[in-house]
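Novice: Here the structure of chain A is known, so what remains is to put chain B in place on it, guided by the hints.
Below are the chains, spelled out letter by letter.
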Amino acid sequence: MERRTGRERGFGWRLLPLAILAIILLVRPASALDDGDCLGCHNDPDMTSEKNGEEISLFVDEAQFAASSHASNGCTSCHTDAKVKGDEHPVPLKSVNCGKCHADVESIYRKSLHGQALAKNDPFAPYCHDCHGKHDILPASSQKSRIFILNVPATCGRCHREGSAMTKTHDIPAKNIIENYSMSMHGEGLTRKGLTVTAVCSSCHTSHNVQPHTNPESSISRQNVSKTCMKCHANIEQTHVKIVRGELWEKEPEKVPACVECHAPHKARRVLYEDSMNNAYCLNCHANPELKKIEADGSERSLFMDMSRFEASVHAEKRIACVKCHVNMDHTKNPVCQGSGKVDCAICHAGQTDNYNASIHGQLAAKGDRNAPLCTDCHGKHEVQARTNPESPTFARNVPELCGKCHREGEKAALRYTGPEKDIVRHYKESIHGKGLAESGLMVSATCTSCHTAHLILPEKDPQSTVNRANVLNTCATCHLGIAETFKTSIHSELVSKTDKKLPLCHDCHTSHAIRRVDVPAFRLLILEECGTCHASETETYFDTYHGKASLLSGGEKTAKCSDCHGDHDILPAYYTKSRLSRQNVVETCRTCHPNSNRKFTGYLTHATHHDKEKYPYLYYTFWAMSSLLIGTFAFFGVHTLFWIPRSFRERFKRRRQHSHERFFE
Amino acid sequence: MSTPNQEYVQRFGLLPRFLHFLVIVSFLTLAVTGMALKFAAEEWAGAVAELFGSFEVLGNLHRFCAVITFTYFGLNLFLLWQNWQKSGKSFIGFILDPEGLVPSAHDVKELVSTYKWFLGLGPQPRYGRWTYWEKFDYMAVFWGVAVIGSTGLCLWFPETFTQIIPGYWLNIATIIHSDEALLASGFIFTIHFFNTHLRPEKFPMDPVIFTGTVPLDELIHERPREYDQLVASGQLEQVKCPPAPRWLFVTAHFFGLTALTIGVALVLSIIYTMIFVYAK
Numbered sequence: 001m002e003r004r005t006g007r008e009r010g011f012g013w014r015l016l017p018l019a020i021l022a023i024i025l026l027v028r029p030a031s032a033l034d035d036g037d038c039l040g041c042h043n044d045p046d047m048t049s050e051k052n053g054e055e056i057s058l059f060v061d062e063a064q065f066a067a068s069s070h071a072s073n074g075c076t077s078c079h080t081d082a083k084v085k086g087d088e089h090p091v092p093l094k095s096v097n098c099g100k101c102h103a104d105v106e107s108i109y110r111k112s113l114h115g116q117a118l119a120k121n122d123p124f125a126p127y128c129h130d131c132h133g134k135h136d137i138l139p140a141s142s143q144k145s146r147i148f149i150l151n152v153p154a155t156c157g158r159c160h161r162e163g164s165a166m167t168k169t170h171d172i173p174a175k176n177i178i179e180n181y182s183m184s185m186h187g188e189g190l191t192r193k194g195l196t197v198t199a200v201c202s203s204c205h206t207s208h209n210v211q212p213h214t215n216p217e218s219s220i221s222r223q224n225v226s227k228t229c230m231k232c233h234a235n236i237e238q239t240h241v242k243i244v245r246g247e248l249w250e251k252e253p254e255k256v257p258a259c260v261e262c263h264a265p266h267k268a269r270r271v272l273y274e275d276s277m278n279n280a281y282c283l284n285c286h287a288n289p290e291l292k293k294i295e296a297d298g299s300e301r302s303l304f305m306d307m308s309r310f311e312a313s314v315h316a317e318k319r320i321a322c323v324k325c326h327v328n329m330d331h332t333k334n335p336v337c338q339g340s341g342k343v344d345c346a347i348c349h350a351g352q353t354d355n356y357n358a359s360i361h362g363q364l365a366a367k368g369d370r371n372a373p374l375c376t377d378c379h380g381k382h383e384v385q386a387r388t389n390p391e392s393p394t395f396a397r398n399v400p401e402l403c404g405k406c407h408r409e410g411e412k413a414a415l416r417y418t419g420p421e422k423d424i425v426r427h428y429k430e431s432i433h434g435k436g437l438a439e440s441g442l443m444v445s446a447t448c449t450s451c452h453t454a455h456l457i458l459p460e461k462d463p464q465s466t467v468n469r470a471n472v473l474n475t476c477a478t479c480h481l482g483i484a485e486t487f488k489t490s491i492h493s494e495l496v497s498k499t500d501k502k503l504p505l506c507h508d509c510h511t512s513h514a515i516r517r518v519d520v521p522a523f524r525l526l527i528l529e530e531c532g533t534c535h536a537s538e539t540e541t542y543f544d545t546y547h548g549k550a551s552l553l554s555g556g557e558k559t560a561k562c563s564d565c566h567g568d569h570d571i572l573p574a575y576y577t578k579s580r581l582s583r584q585n586v587v588e589t590c591r592t593c594h595p596n597s598n599r600k601f602t603g604y605l606t607h608a609t610h611h612d613k614e615k616y617p618y619l620y621y622t623f624w625a626m627s628s629l630l631i632g633t634f635a636f637f638g639v640h641t642l643f644w645i646p647r648s649f650r651e652r653f654k655r656r657r658q659h660s661h662e663r664f665f666e
Numbered sequence: 001m002s003t004p005n006q007e008y009v010q011r012f013g014l015l016p017r018f019l020h021f022l023v024i025v026s027f028l029t030l031a032v033t034g035m036a037l038k039f040a041a042e043e044w045a046g047a048v049a050e051l052f053g054s055f056e057v058l059g060n061l062h063r064f065c066a067v068i069t070f071t072y073f074g075l076n077l078f079l080l081w082q083n084w085q086k087s088g089k090s091f092i093g094f095i096l097d098p099e100g101l102v103p104s105a106h107d108v109k110e111l112v113s114t115y116k117w118f119l120g121l122g123p124q125p126r127y128g129r130w131t132y133w134e135k136f137d138y139m140a141v142f143w144g145v146a147v148i149g150s151t152g153l154c155l156w157f158p159e160t161f162t163q164i165i166p167g168y169w170l171n172i173a174t175i176i177h178s179d180e181a182l183l184a185s186g187f188i189f190t191i192h193f194f195n196t197h198l199r200p201e202k203f204p205m206d207p208v209i210f211t212g213t214v215p216l217d218e219l220i221h222e223r224p225r226e227y228d229q230l231v232a233s234g235q236l237e238q239v240k241c242p243p244a245p246r247w248l249f250v251t252a253h254f255f256g257l258t259a260l261t262i263g264v265a266l267v268l269s270i271i272y273t274m275i276f277v278y279a280k
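Those protein sequence lines, which keep their order, are chains A and B. Position 262 of the first sequence, counting from 1, maps to 262 under the working numbering, and the rest follow consecutively. Position 190 of the second sequence, counting from 1, maps to 190 under the working numbering, and the rest follow consecutively.
In short, the hints are calculated from the structure, not lab data. Just so it is clear, the structure is predicted and the values come from calculations on it, not from any experiment.
Pair ranges (Cβ atoms, derived):
hint	chain 1	residue 1	chain 2	residue 2	range
1	B	159	A	401	48 to 58 Å
2	B	143	A	497	46 to 56 Å
3	A	529	B	25	35 to 45 Å
4	A	575	B	139	42 to 52 Å
5	B	90	A	621	37 to 47 Å
6	B	88	A	638	38 to 48 Å
No residue lacks a Cβ here, since even glycine has one placed at the ideal position from N, Cα and C.
Pulled out of the complex, with its shape left as it was, chain A reads as follows:
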């Protein structure tokens, strides 16, 4: 008790300065603006006036006004024409011009859809007070304000609610806006979860600059809608990089679907399509087998969509809706897909498309070449399959046939090709790669795309081409890495040989398409030819010795070929210690075929010729000695025979005469 008494006693003294201040504040406005004069009349709830034949209330709720944002401004700061000397102000008063204080906002409003409607004397055109209120105007932060975030849908909905007088008299393409909104993620967040950070009408449409989406300046136009969404969903691009290549957002935003194309406006939910423009919607028309389009030239094109083809596709598997590819749907058009244009695969497959555009296929297509293949020529359209699907035309095993459609001999790509590679599809199929793929079923076998790439296909002459001389070693090395590394240490590598001469690359020896196993006769015999293109004299002299001569006969693939002695990818001149023909290694090298090879045995001249007097005098003179013997013998007996022939004839006739003579006398 005592304690309480003590507190009460001291309380009045401490509040005294506050009480004085409150009195000053309460008294001051009344005296300054003289609102008491206005309220003297207008606080009568029955005070009415007539405007355009309608009775309107002129009552001002004093308490409400006192609580409003404008309470301190005084009546005449808005009703400027009421500020007169004397009791009577003009009747009726003019409409209040908010722009007097809020000039910037008003100018925006005037340009908006609402402002323009007002200018056209649209009776439904909202003015400031329709949303903000009149004498009860409150800041947006006040929970009682009509423009407090939780109240915005209701405020807008007064006009935009389905079935309202406004919606009945105005053609607004979006329907059931308020209803849809309330069921959307945004609406749910607002009304069920009480989130004050969720989007309301004005978040997207803006408060004062409300524009139709057809206006490019509009916050909800196709160009701007992403930006608008990103006011809240700031990093949404990154979420979508999985589907849309990031750089497209900046470089080619028109290729990126606008947010609302997937997340329908007002209906934005996590479930994207089923609730908006789903496949069933498209199939309303496109399931009809009779559906046709008449082209400009009068020809007909079926627009029938057989969903059974699509259902097995990879796009169906990934639940890609029609509108994901067939973008540019326009709700203002009927049908919505009218003039939506061609499908651009780059929307999702930007990297592949960039490569394609840079490729010879893409270059030709850009020139309008009708032979050039488009995405769909290889991948198919609605039935598109992942390349991991054995049914897909891009499945490794099917690639040679796919490319063969144009590149097989006699087909359009082969007809325009003038290079040295002929009959490539057949050669490929007979090659180790082709057989590996088709016969051994090895999915690691190289197909067309392994060397030429799938999308960045370029002619061999192009320095960027994977099969250009500058790149071919690396291309082969994607599979044959070990070989490539060995090759780089060989004399044929530019890393070892500093020469201006053309050094051989993989395909110079192995060919491009007819690549064979190196142990088959055809390849072993090919080696001689391939090495011979640069090492002509060595090849010629090789054919003067046993290995070479036997090579030329049936079964000759078994004798030693260039690579058997010199090595293949590790080839080095004999003066390199590592060479198979170096003094250290040559006996061992010969032993691969001649198990009893010895040091002297390796002295056999494998490239000897008796035509070279300087290099091989022993052979040269032996040859000429033997030839002289041969020529001498034949000269001697040749002459002998020549003289004998006439004599022999004569002898034969003589004996025949003798015989007939004897027979005659017998």
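Specialist: Quick look at chain B alone, frame taken from chain A:
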């Protein structure tokens, strides 16, 4: 063709005829298989290899016939030893016997008189058992087998031989082997064939090396000195014999002409190659 009333004498015994048969079979095979390798770049050589299967088959046949060659070389030495024993002469005397197979000064005289005869400047020389060209044939084979055989062995067993000889000698051996073989086959298939079989007097062939018998008329006409010697030594009656049976005669012609054809075909291939390919 023989006529029943003709008299015949035995010129070759069974062993020499068998040796010649071995020579024909092995030499033809060696020549065909060897030349196919020597002229491997030619189409006909490829066809030969195809026919036999592969170059390895050619090689194996070549080495098999080399064994036959060494065999007949040995048998010939045996035959010579036998004849030497029979002759009762000294070794040198046997070798240098003017009626033997080793050429002598007399052969030079005979060569000169033969040329005179060819030119119509003298009568036909009175040839003995062996004419100088027959002696050459014999000596050529003898020498040829030694040269080609020894070099061939080097090439057959190069790892073994290079224990002794330097490696590049194999290259020399190759040249000697193949050029000597070229000479041998060229000679046999042209000169020997002409001298013995194809010349108009004998055309198409002389079957004596297969039948062993020769008509007495022919002996008197072609080898009068041998006839005289046989008469003088009283051996004529010993060598007289019945004509060869008809089957042998026919077989001899069939076999002989086949061998001739193969030989001529091969030599024509070689000549074609030499002229049209090497001359380029």
